[in-house]
Amino acid sequence: MSTLSPISQSFVDQHGDAEFAARAPWLDQLRQSGLASFSSQGLPTPSVEEWKYTNLNVLEKLSVEPSSIDQEIDPAELAWLPEDMAAHKLVFVNGRFHQELSEIGDLPDGVRILSLAEAMTSDADLLARHLGQIGTMEDAPVLALNTAFIDDGYVVVIEKAELDNPIEVVFVSQAGDATTHHPRNLIVAKDNARMTILERHIGDGSYLANHGFEVSVDGGSHVKHYRLLEDSAAGINLSTVKTRVGKDSTYDSFVLSMGGQLSRSEIHVACEAGGAHTNLNGVYIGRDSQHIDNTTLIDHLVPNTTSKETYKGALDGKSRGVFQGAIVVAEGADGTDGQMSNKTLLLSDESEIDSKPQLEIYADDVKCAHGSTTGELEETSLFYLRSRGIPEATARAMLVEGFLAEVVEEGVDEVYQDIFKAKISTWMEN
Amino acid sequence: MNAAVSDTVDQVQSVEKYKYGFVTDIEADQAPKGLNEDIIRFISAKKEEPEWLLEWRLKAYAHWLTMEEPHWPKVTYPPIDYQDSYYYSAPKSPDEGPESLDDVDPELLATYEKLGIPLYEQEVLAGVKNVAVDAVFDSVSVATTFKDALAKEGVIFCPISEAVKEHPELVKQYLGSVVPYSDNYFATLNSAVFTDGSFVYIPKGVNCPMELSTYFRINASNTGQFERTLIIADEGSHVSYLEGCTAPMRDENQLHAAVVELVVLDDADIKYSTVQNWYPGDENGVGGIYNFVTKRAACRGKNSKVSWTQVETGSAITWKYPSCILQGDNSVGEFYSVAITNNYQQADTGTKMIHLGKNTSSRIIAKGISAGKSQSTYRGLVKMMPKAEGARNHTQCDSLLIGKECGAHTVPYIESRNKSAKVEHEATTSKIGDDQLFYCRQRGISEEEAVALIVNGFCREVMQELPMEFAVEAQKLVGISLEGSVG
Numbered sequence: 001m002s003t004l005s006p007i008s009q010s011f012v013d014q015h016g017d018a019e020f021a022a023r024a025p026w027l028d029q030l031r032q033s034g035l036a037s038f039s040s041q042g043l044p045t046p047s048v049e050e051w052k053y054t055n056l057n058v059l060e061k062l063s064v065e066p067s068s069i070d071q072e073i074d075p076a077e078l079a080w081l082p083e084d085m086a087a088h089k090l091v092f093v094n095g096r097f098h099q100e101l102s103e104i105g106d107l108p109d110g111v112r113i114l115s116l117a118e119a120m121t122s123d124a125d126l127l128a129r130h131l132g133q134i135g136t137m138e139d140a141p142v143l144a145l146n147t148a149f150i151d152d153g154y155v156v157v158i159e160k161a162e163l164d165n166p167i168e169v170v171f172v173s174q175a176g177d178a179t180t181h182h183p184r185n186l187i188v189a190k191d192n193a194r195m196t197i198l199e200r201h202i203g204d205g206s207y208l209a210n211h212g213f214e215v216s217v218d219g220g221s222h223v224k225h226y227r228l229l230e231d232s233a234a235g236i237n238l239s240t241v242k243t244r245v246g247k248d249s250t251y252d253s254f255v256l257s258m259g260g261q262l263s264r265s266e267i268h269v270a271c272e273a274g275g276a277h278t279n280l281n282g283v284y285i286g287r288d289s290q291h292i293d294n295t296t297l298i299d300h301l302v303p304n305t306t307s308k309e310t311y312k313g314a315l316d317g318k319s320r321g322v323f324q325g326a327i328v329v330a331e332g333a334d335g336t337d338g339q340m341s342n343k344t345l346l347l348s349d350e351s352e353i354d355s356k357p358q359l360e361i362y363a364d365d366v367k368c369a370h371g372s373t374t375g376e377l378e379e380t381s382l383f384y385l386r387s388r389g390i391p392e393a394t395a396r397a398m399l400v401e402g403f404l405a406e407v408v409e410e411g412v413d414e415v416y417q418d419i420f421k422a423k424i425s426t427w428m429e430n
Numbered sequence: 001m002n003a004a005v006s007d008t009v010d011q012v013q014s015v016e017k018y019k020y021g022f023v024t025d026i027e028a029d030q031a032p033k034g035l036n037e038d039i040i041r042f043i044s045a046k047k048e049e050p051e052w053l054l055e056w057r058l059k060a061y062a063h064w065l066t067m068e069e070p071h072w073p074k075v076t077y078p079p080i081d082y083q084d085s086y087y088y089s090a091p092k093s094p095d096e097g098p099e100s101l102d103d104v105d106p107e108l109l110a111t112y113e114k115l116g117i118p119l120y121e122q123e124v125l126a127g128v129k130n131v132a133v134d135a136v137f138d139s140v141s142v143a144t145t146f147k148d149a150l151a152k153e154g155v156i157f158c159p160i161s162e163a164v165k166e167h168p169e170l171v172k173q174y175l176g177s178v179v180p181y182s183d184n185y186f187a188t189l190n191s192a193v194f195t196d197g198s199f200v201y202i203p204k205g206v207n208c209p210m211e212l213s214t215y216f217r218i219n220a221s222n223t224g225q226f227e228r229t230l231i232i233a234d235e236g237s238h239v240s241y242l243e244g245c246t247a248p249m250r251d252e253n254q255l256h257a258a259v260v261e262l263v264v265l266d267d268a269d270i271k272y273s274t275v276q277n278w279y280p281g282d283e284n285g286v287g288g289i290y291n292f293v294t295k296r297a298a299c300r301g302k303n304s305k306v307s308w309t310q311v312e313t314g315s316a317i318t319w320k321y322p323s324c325i326l327q328g329d330n331s332v333g334e335f336y337s338v339a340i341t342n343n344y345q346q347a348d349t350g351t352k353m354i355h356l357g358k359n360t361s362s363r364i365i366a367k368g369i370s371a372g373k374s375q376s377t378y379r380g381l382v383k384m385m386p387k388a389e390g391a392r393n394h395t396q397c398d399s400l401l402i403g404k405e406c407g408a409h410t411v412p413y414i415e416s417r418n419k420s421a422k423v424e425h426e427a428t429t430s431k432i433g434d435d436q437l438f439y440c441r442q443r444g445i446s447e448e449e450a451v452a453l454i455v456n457g458f459c460r461e462v463m464q465e466l467p468m469e470f471a472v473e474a475q476k477l478v479g480i481s482l483e484g485s486v487g
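Here the protein sequences come in this chain order: A and B. Just so you know, we're using my numbering here: the first sequence kicks off at 1 and counts up by one. Just so you know, we're using my numbering here: the second sequence kicks off at 1 and counts up by one.
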């Protein structure tokens, strides 16, 4: 790109953190390459196919100053898990690790849970080995932007171990006069490791939270990554998850998107060895003028890998949902099984859904299918309930909840299902 | 020779590689190579066009110069040199235009004979059904049959260049009303340099007594074919229109950038069937036609209906999306497609269904078959606008892969802005089952024949939408196109 838009340029201008360079010079190279990549691409516009339905010009209204820290937080506001559920808790305020609010319990051997800022000094080798390894920043300007500003985030490394309690992560965004942050998170699981991450994104005021994730699951490991996006009405949440799944390993992702004026959750999964499997599930519920984008890409690179994906949404008011899902089967990747489904209920006259379920297949011995439906509630189902004396509003709510709950039941471990179902019920009541 | 043996011999003979690949040696009247305003003036003057049409062409050309060639389709090809092509090539005839078939160059008639398109009416009369044919050879229409019989019903079926002279009010009213001159790169180029094509007008309440057909033939080398077809179905009328295409085998790539516009008024319907068999290039991907076509139907009236059926077996590259703008309430759009690619062919095809009116409905069935090193993509858009109350769409896309080096892709876009509109999309990709093949082989059917049989079964839902005459030809084509893809 020859000239950057003013907003893209202001991100570039903001860079050049001398203090950071001194603190972790080895990481500065990666940040610089992120900056170079972003400078050459700029923020994506709708003329870029992958961003056809989501326009980032809303960022122009934001100040792009880096977010400050040390804001007052009421711990009660952060609570979202049942009281009796023990978890290793990490809290990030405006992208920075908050020691006082966090609580990491005793960890078995082979498990490391810490903030990226801490890992920069304590585990530099580990970071050097894993950061910036998955996926390219080419054609991913938002991830490049995140890379340019790598500073803090969470790091979870688990090897030959099973973590019984989930890892709870809360990202709080607070808009003062300063409003952007770019947390970078790293999840590594190898040698039959097991773990669950429960992540919640909240905030107030207007801000941009631009998350980057690198996830590596290998050697028969299983990672469950559940996210709840509950940003403030004026908040903007972008996230790019780059995952690589190795031999006989599984990556499960579930995303409940319900907050923010604009959110985009982008997940790329590469199945790199035989027996790799991924489940990508999501629910999106929107109202007012919310814009909710879920974009996924599953790359089946070698024979005998499988994937299953279900996204369902309900849209009210003037909200707009976007689903873009792609399954790519590489040449020679025989025995691939990829199934994708996207269903949306439009609840109001002014809501809109744009759905693009895509298959790109270069191998012949495969089973791939996708389905997509959009429409309103079935009149007959509604009639059935009403004929049994259930008021219309209640009947509608029951049907919508039932429709969405299916994905939660499919994509989330039983112990955690109620957390997400309760969020959907509360949304319905409003 | 007993019957069974001679049958087999016939069968083998009919499975020639590309039997339409010959060149007709005919003296041609050509414009100089290249593209500029003078060429456009030349074409317009040749056609004795009125001033408004020339202006329209020049406006399109000026706009084209500001546009960039699109590269979003999933196809790759070397850059096209638009100056290295002839934009006008017509078989030389003694006088201005053939008055009757007797005036047509015998060489030409022989060509169409060889292609299996009898232009002599009596021969057609001997057939089961009457089909009126407009034959377009390079840049001009050489003959239109059954004009008189059609005229009795008030049906106008003639070359568009003739319609410009005879029915200027209709042409002026509808030309460019569905595909405006500024629509897209290739449609704009076509608007500037289009040479001929068919014009059809079906008056109010008339059920067109016979199927209408246009046969397109590219003959001269280094020419591009830019035909423009305009069909208007007035209130309550019905017409079925067939389109066939072939070209000689050459090792150069030739550009075919056509525009088809359909206008359907209240209670009218148009059935538009295509068997596209342009030269696909040889097994090493040398030569073949670039088929970059814009086809669009405007269902303007209430209860109007358009049905596109296409069998795409030819062309090195196919890039087309026959679309329906469903504007009238209760209007219906249908798209049935079979796209077969083999060797190095590339096809990026599909449809667009834009629902504007109430209770509009559309149905899409697309079957893609890829073999050899080919790539086949279905790309489709279903759009429900806010006023499309109660609109419905059902889309089914199935892909079949034959071999390890080909690709099959599905890229649907679904955009809904009306809650009462229902959109359903399903897609599958698979290969020919080993059990299916085994079953056929076990019964003494050769592998190649078995594949053709299975593929024909896979395409059946689309094939059965074709008019009888075309269905037979299309089935044979499937076998020929897939030749060499197995074993």
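Read the hints as simulated data drawn from the structure, not as lab findings. Don't take each hint at face value.
Stated by the list, open to error - So, partial list: chain B residues that the calculated Cβ filter (under 7 Å) puts toward chain A: (1) Lys358; (2) Lys431; (3) Asp434.
Claimed, not checked - Just a sample of chain B residues kept apart from chain A, beta carbon distances all over 12 Å, derived: (4) Lys74; (5) Glu153; (6) Lys165; (7) Asn359; (8) Thr377; (9) Val382; (10) Lys383; (11) Ser399; (12) Val411; (13) Ala421; (14) Ser430; (15) Gly444; (16) Lys476.
Claimed, not checked - Simulated pairs of lysine to aspartate or glutamate, EDC-like, Cα-Cα distance not exceeding 20 Å: (17) A:Lys318 - B:Glu235; (18) B:Lys358 - A:Asp349; (19) B:Lys74 - A:Glu350; (20) A:Lys160 - A:Asp109; (21) B:Lys422 - A:Glu350; (22) B:Lys358 - A:Asp252; (23) A:Lys52 - B:Glu415; (24) A:Lys421 - A:Asp252; (25) A:Lys318 - B:Glu415; (26) B:Lys358 - B:Glu235; (27) B:Lys352 - B:Glu405; (28) B:Lys358 - A:Glu378; (29) B:Lys147 - B:Asp234; (30) A:Lys367 - B:Glu235; (31) B:Lys422 - A:Glu376; (32) B:Lys422 - A:Glu378; (33) B:Lys74 - A:Asp139; (34) B:Lys422 - A:Asp252.
We put the beta carbon where it would ideally sit given N, CA and C, even for glycine.
Need the status of pair Lys318 (chain A), Glu415 (chain B): alpha-carbon distance at most 20 Å? The hint holds at about 15 Å.
Does Lys74 (chain B) pair with Asp139 (chain A) here, judged by a C-alpha cut-off of 20 Å? Holds: Lys74 (chain B) and Asp139 (chain A) sit about 17 Å apart, inside 20 Å.
For a C-alpha distance cap of 20 Å, please report whether Lys352 (chain B) and Glu405 (chain B) respect it. Not OK: Lys352 (chain B) and Glu405 (chain B) at ~29 Å, beyond 20 Å, violated.
So is Lys165 (chain B) really clear of chain A, every C-beta pair being over 12 Å apart? Correct as stated: the minimum Cβ-Cβ distance to chain A is 43 Å, above 12 Å.
For the pair supplied as a hint, Lys358 (chain B) and Asp349 (chain A), is the alpha-carbon distance within the 20 Å limit? holds, 14 Å
If I take the minimum Cβ distance from Ser430 (chain B) to any residue of chain A, is it greater than 12 Å? violated, 6 Å
Pair hint outcome, Lys422 (chain B) versus Asp252 (chain A) [Cα-Cα no greater than 20 Å]: violated, 30 Å
Take the C-alpha atoms of Lys421 (chain A) and Asp252 (chain A), compute the straight-line distance between them, and say whether it is at most 20 Å. holds, 18 Å
Does Thr377 (chain B) clear chain A by more than 12 Å, comparing its Cβ with all Cβ atoms of that chain? violated, 9 Å
Decide if the proposed pair is consistent with the structure: Lys358 (chain B) and Glu378 (chain A), CA atoms, cutoff 20 Å inclusive. Distance of about 19 Å is within 20 Å: holds.
Min Cβ distance, Lys431 (chain B) to chain A: is it shorter than 7 Å? holds, 4 Å
At 12 Å, judged by beta carbons, does Glu153 (chain B) keep clear of chain A as stated? Correct as stated: the minimum Cβ-Cβ distance to chain A is 43 Å, above 12 Å.
Hints 1, 3, 4, 8, 9, 10, 11, 12, 13, 14, 17, 19, 22, 27, 30, 34 from the list above are not met by this structure, while the remaining hints are.
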